[in-house]
Amino acid sequence: MTQAAILIQSKFRSYHEQKKFQQSRRAAVLIQQCYRSYREAATAALVQHKL
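Once you know that position 44 of the sequence shown is 44 in the working numbering, the rest is easy, because the numbers rise by one and skip nothing.
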């Protein structure tokens, strides 16, 4: 019985940590996308200004 409880707790902790990691990864990717979009728009504005 104890082994089953340990296994369930272990699986739950693993699942929980995996979800936290995925959420952090999605947040990091979103920040990267926003920054790259901003950088591209700033570069385009600079090029447009030089014309």
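Please keep in mind that the hints were generated in silico from the structure rather than gathered at the bench. Backbone N, C-alpha and C fix where the C-beta goes; we use that ideal spot for every residue, glycine too. Don't take each hint at face value.
Ranges of calculated distance between the beta carbons of each label pair, as one might list FRET restraints [stated by the list, open to error]:
#1 A41 / K20: 28 to 36 Å
#2 R13 / C34: 52 to 60 Å
#3 L51 / S14: 53 to 61 Å
#4 K11 / Q48: 37 to 45 Å
- [ ] For the range 28 to 36 Å, tell me whether the beta carbons of A41 and K20 fit it or not.
- [x] holds, 32 Å
Task: L51 versus S14 beta-carbon gap, inside 53 to 61 Å or not - done: Since L51 and S14 have Cβ atoms about 55 Å apart, the given range 53 to 61 Å holds.
Open item on the list: Taking the Cβ atom of K11 and the Cβ atom of Q48, is their distance within the range 37 to 45 Å?
Closed with: About 55 Å separates the Cβ atoms of K11 and Q48, which means 37 to 45 Å is violated.
Task: Assessment of proposed distance window 52 to 60 Å (beta carbons of R13, C34) - done: Since the Cβ atoms of R13 and C34 sit about 32 Å apart, the hinted range of 52 to 60 Å is violated.
Comparing the model with each numbered hint stated earlier shows that hints 2 and 4 do not hold.
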